[in-house]
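Number of protein chains: 2
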Amino acid sequence: MTDQTRSGIDALFRPRSVALVGASERPGALGAVVLGNLLDAGYRGDVHLVNPRHREIRGRPVHATVGQLPEGVELAIVMTPAATVPELITACGERGIRGAIVMSAGFREIGAAGAALECSMLEQASRHGVRIVGPNCLGVIRTDIGFNGTFSAAQALPGRIGVISQSGALCTAILDWASVNAVGFSSMISTGIGADVDFGEMIDFLATDAATDSIMLYVEGIHRAQPFLSALRAAARTKPVVVMKAGRHAEGSRAAQSHTGALVGSDNVFDAALRRAGALRVMDFANFFSTAAILSSGMRSTGRRLAIVTNAGGPGVMAADHAVDRGIRLAELAPATRRQLDAALPAHWSHGNPVDVLGDAGPPRYAAAVTACLADPGVDAVVVILTPQAMTPAEAVARAVLDAAAGSSKPLLTCWMGEVAVASSRALFRTRGVPTLRTPEAAVDAFAAIGTHGEAQSQLLQVPEPLAPECPPDVAMARRVIEQVLGEGRSVLTLLESNAVLTAFGLPIVPSLLARTAAEAVTIARDTGFPVVMKILSPDITHKSDVGGVRLGLADALQVETAFREMTSSVAAQMPAARLEGVVIQPMVRRAHGRELMVGILHDEVFGPVVSFGLGGTLVELLGDSAVALPPLNTRLAQDLVARTRAARWLAPFRGAPAADLAAVERLLLRVSAMACELPSLREMDLNPVIASPDGVTIVDARLVV
Amino acid sequence: MTDQTRSGIDALFRPRSVALVGASERPGALGAVVLGNLLDAGYRGDVHLVNPRHREIRGRPVHATVGQLPEGVELAIVMTPAATVPELITACGERGIRGAIVMSAGFREIGAAGAALECSMLEQASRHGVRIVGPNCLGVIRTDIGFNGTFSAAQALPGRIGVISQSGALCTAILDWASVNAVGFSSMISTGIGADVDFGEMIDFLATDAATDSIMLYVEGIHRAQPFLSALRAAARTKPVVVMKAGRHAEGSRAAQSHTGALVGSDNVFDAALRRAGALRVMDFANFFSTAAILSSGMRSTGRRLAIVTNAGGPGVMAADHAVDRGIRLAELAPATRRQLDAALPAHWSHGNPVDVLGDAGPPRYAAAVTACLADPGVDAVVVILTPQAMTPAEAVARAVLDAAAGSSKPLLTCWMGEVAVASSRALFRTRGVPTLRTPEAAVDAFAAIGTHGEAQSQLLQVPEPLAPECPPDVAMARRVIEQVLGEGRSVLTLLESNAVLTAFGLPIVPSLLARTAAEAVTIARDTGFPVVMKILSPDITHKSDVGGVRLGLADALQVETAFREMTSSVAAQMPAARLEGVVIQPMVRRAHGRELMVGILHDEVFGPVVSFGLGGTLVELLGDSAVALPPLNTRLAQDLVARTRAARWLAPFRGAPAADLAAVERLLLRVSAMACELPSLREMDLNPVIASPDGVTIVDARLVV
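These protein sequence lines are chains A and B, in that order. The first sequence begins at 3 in our numbering and counts up by one. The second sequence begins at 3 in our numbering and counts up by one.
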């Protein structure tokens, strides 16, 4: 009696009945731990057991095989050795079971033999319509139906956070931490190696799951970028999505790679992808935990103006420092708020934000300060700090603060510093669902997490717009050039080929004409107009200036003629084997108030083509000022890309120079974005320098690799 | 019977007897809390009580006045209202009491009336030879003599860390936190407003105190920079000194200023001062606490190569990521270590660092991994991470790790993630004096703190060396120029005056000659050699280029003549009131492979003159790539200053350009350092651009303010 309206995903995450394959009664055995968790969690569905060597476990009947299970079982939890898994999946499929959580290890992570086993398992799954979580996973928890299908030592409290983690170990650490911090979860999903159902479908499920208000991901590497990104994007439209990623640096990534076999792209591209999707990123475990606490509180904020109430100057100042580091604004208190505080506090209060209620403050002063700050229309949230001074009734203050905040919808975060003296206050905040952090900085971080969410939402409203209709790119032309280069077995485009591709996309590259003799060079230079730039053209030379192959600012015919002879002989002497096709003549670009920029396309191993932007010229490598964004871009996203670099400040009016033509820079980025989308063979492009002046932009040099 | 060999500092920090002035029996009253703390801590000296309204408190006799105290009392703790303090200090002095801890508030922090009271108190103290800690302080704890002269709610465990804090509230929070973290202290000193004994003397005391192994400071602002720095420097030679400073940003600083009335200088100068003194800086409370834990363990390290042992890939990767962020190197395991690990671990261990002992690891595997890593000569320290998986015996692993590390002198840091499942393990680590942190990142931070200490020590070995003897500066000449400028009531030096001062110190400024007419300009330009640069000279114009007052690359007599006319008329039109003294002619500096740098002197409100260095040209403001150092510099310190900037990479061989003359850059910095020391009237100097090429350095433009 299989229910045809139920999918494999439903079976995995909303199972109405489950079979434990490899159930055991030996204490400590996997099959016993999972059974214990399932029963302890109060699962409301039917539990069936499978094990050929037992007739009864914990008073329940045991089936010898999957085939002997009754009809209507939806989910199997498979805990038997890897070698048995493919045929168990077949048996599940034949018995009408739609979902399988495979905890067994020994697949791709152990090498070729395991990978073959994984292929065979997936083949059976696909043939029989079984969807799989894992293998090598901790399992799945769904608190709304009392389902704990994991071998975690700790149970999850009910709550509204859904966690998806590529590390089962992290799930257990989170659950253990959460149990004393009163943080609850709707779901805890361990991906394992994600052979079948992976981040994409898991996120999709949580995005529409009524039991889940917010989503936290722990990522080590992404197998399939497109489903991941589109699921992330859809989910972040309706729920806060927080992502922590391990392997930000090459050193760490090596370890991640060996651990899950996932691809590891460049970290700044991952960052750009999250930004594009509207997800929040946290950088360490401390923030991951505190973000969980604040998401659990259900608090949301749209503003970033923070008020700080404290009974000690120093911690207030440290919170303020950290707020500035995190881009949080300290709220300017309204005159009415100041008057209220003047009335309620001793004369020597700090008369500003942070609001120092002074060391001998008791519940009334704290209550008055919190009430006044929350009522101030210029305040979006309040962080309350208490240090346990000799006469401070920490818990009474906590109660007073909770009462004072009861009527307000603005976020309230607390930091009762110390340990023993504040333990009962912290417990009180936790039971009342108010985030409480150990240090002032952590409280500010927690607020930053809510504040950033609002900002990220605005990114999501952006959809790509078409290029300016007056100038559609000649994609066919560009592709023809690239095909010819590929046909000749080359990968780097010559200067003239590069110019043809750029021109096809309407990009303002400085004009170039080829001279094969000194006389031709002089004629072309005269036509171009002095001064000119000369560059040797050879398919064998990419770094022209290293072999004396570039000359700037040639002012007359004689200089051009001399330069031609010197350049060709210098190149011939230094690289005798290089084929020399001639010398390219360009006008010397000397724009008043010109700024040198760099615009490029990179190819990320995970996310594919990426647009990069930053300061140009030779300083680029030195300064590393570049930001990346995933195409397609629209004007708003191009603006955001520019704004994330230091070049942005340089494009603005600067030391007497008028602003550069920012709109032209943005148009350039849109065209480059179009190239990244339309020319999949283009592996790498480096436009550098691009001169941006008040009069527009000009590309001076370009390097394209296919 | 006053002991003449005992100083006021001894009386304050090693009192053999104490009088509580304002002792009380009313529960919660300051005088009762302090008495309780003193008795509970088991103070070994005599305790006397003073209060005119009581005859007996807690069964002890009470004296009506200080004058009635017996002879030989060394320290008074004063808890009475501010107005009574000056005459109490007199009474203390007359009774032979050498030290007073003044807890009372109501001095400079409340304004003019309080400041007057403070003056009067200090006058009496000075007249009668009484040294004062406070006022407005929490008091002093010295565990070696069982002395708790504070109103803190928590007692300090005995230990070897000395804390000096400008926030009493922070002392209480630290003590409360430390009590459950088994972190002990030799001393806890609350400075209060530091009217008399301040950071300098407190640090001096702890530096030579046999009970103190390491020193932690919490600083909000420094009143007296020189004693602070010299004490810090002397202390850091023998003991690790860790400093946390509030008020890194202007927003936070405003609050700090209102809180203690201390001066707040620029944060990067404070940082440079700590670096120069060999002290370590921590940036937030989480790090302050974890650094306390590691100092408390007594661990020290000279190397920065870290091995990570973990039973979960993800947290290992996060630790590795954070290590890279903090400049910690991941140790490369020796072949012998790998062989040992191959023998002890399952085949699928990570085969590298982080050492992943896999999710089902028990005590033997952990012990083997820790033993192997600690024995590896390429490993300086080990971070051990455990996530509590279902079958993980967390505490048994903790014991095994402790046993494995028992024979090693290398630092071992632990991170048992979670809460409930790891609580007993954490307690075990604490009692065994092994640092245990909540997150992998915090464990890495803690190691960074020990590692940085070794590095900081090498800075301390640096003493300034004299300038190159072949070229002593003509200080008298430079001072004459400055005196004349000051005499005329000006503050900005003209170009020719600037050149004179720079030349007096042997600095390579580009030569300048003044032309008063177009004809003079042409003559001078011919003598100088074309092309030349022309700059208008006016005491009223500082930003010459903004008014068309700078022309570059003038190639012949005609261009010079035309430029002279255009410049003078342009300036006259735009700034008719400006006095125009003529036009300065300089050779155009065009050095092959020249890099534009900036070298300057800034004046910090707290620390005085500071040497700054960074990228030059107009990009300076944009990029903010500059570092600062306190003079006097020597070659090693100058190298360190350069190395802290991005300009350092630019001076190295770069894109085919040979390295710039780094030795010439360093000589320039030494001369600028000499200027900062010898010319106290020089408030500000900006040499920008300074062109550094493979052939030397040349200063192209300079701005000096006196």
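Just to be clear, a hint being listed does not mean it is correct.
The list cannot tell twin chains apart, which means a pair is met if one copy fits it or any two copies do.
[As the list claims (entries may be wrong)] Straight line, CA to CA, 20 Å or less: simulated SDA-like cross-link-like pairs of lysine to any residue:
| hint | residue 1 | residue 2 |
| --- | --- | --- |
| 1 | K546 | A520 |
| 2 | K546 | E203 |
| 3 | K537 | A517 |
| 4 | K537 | G610 |
| 5 | K546 | P655 |
| 6 | K546 | S411 |
| 7 | K412 | S181 |
| 8 | K546 | A579 |
| 9 | K412 | A338 |
| 10 | K546 | V494 |
| 11 | K546 | R648 |
| 12 | K546 | A594 |
| 13 | K546 | G30 |
| 14 | K537 | Q157 |
Calculated directly from the structure, the hints in this document are not laboratory data.
Do the hints match the structure? See the list:
no. : hint        : result
1   : K546 / A520 : within (19 Å within a copy, 44 Å between copies)
2   : K546 / E203 : neither (49 Å within a copy, 64 Å between copies)
3   : K537 / A517 : within (10 Å within a copy, 42 Å between copies)
4   : K537 / G610 : neither (32 Å within a copy, 52 Å between copies)
5   : K546 / P655 : between (34 Å within a copy, 18 Å between copies)
6   : K546 / S411 : neither (63 Å within a copy, 55 Å between copies)
7   : K412 / S181 : neither (26 Å within a copy, 35 Å between copies)
8   : K546 / A579 : within (15 Å within a copy, 52 Å between copies)
9   : K412 / A338 : within (19 Å within a copy, 59 Å between copies)
10  : K546 / V494 : within (13 Å within a copy, 47 Å between copies)
11  : K546 / R648 : neither (28 Å within a copy, 26 Å between copies)
12  : K546 / A594 : between (26 Å within a copy, 18 Å between copies)
13  : K546 / G30  : neither (68 Å within a copy, 81 Å between copies)
14  : K537 / Q157 : neither (69 Å within a copy, 77 Å between copies)
Going down the numbered hints, you'll see the structure goes against 2, 4, 6, 7, 11, 13 and 14, while the others check out.
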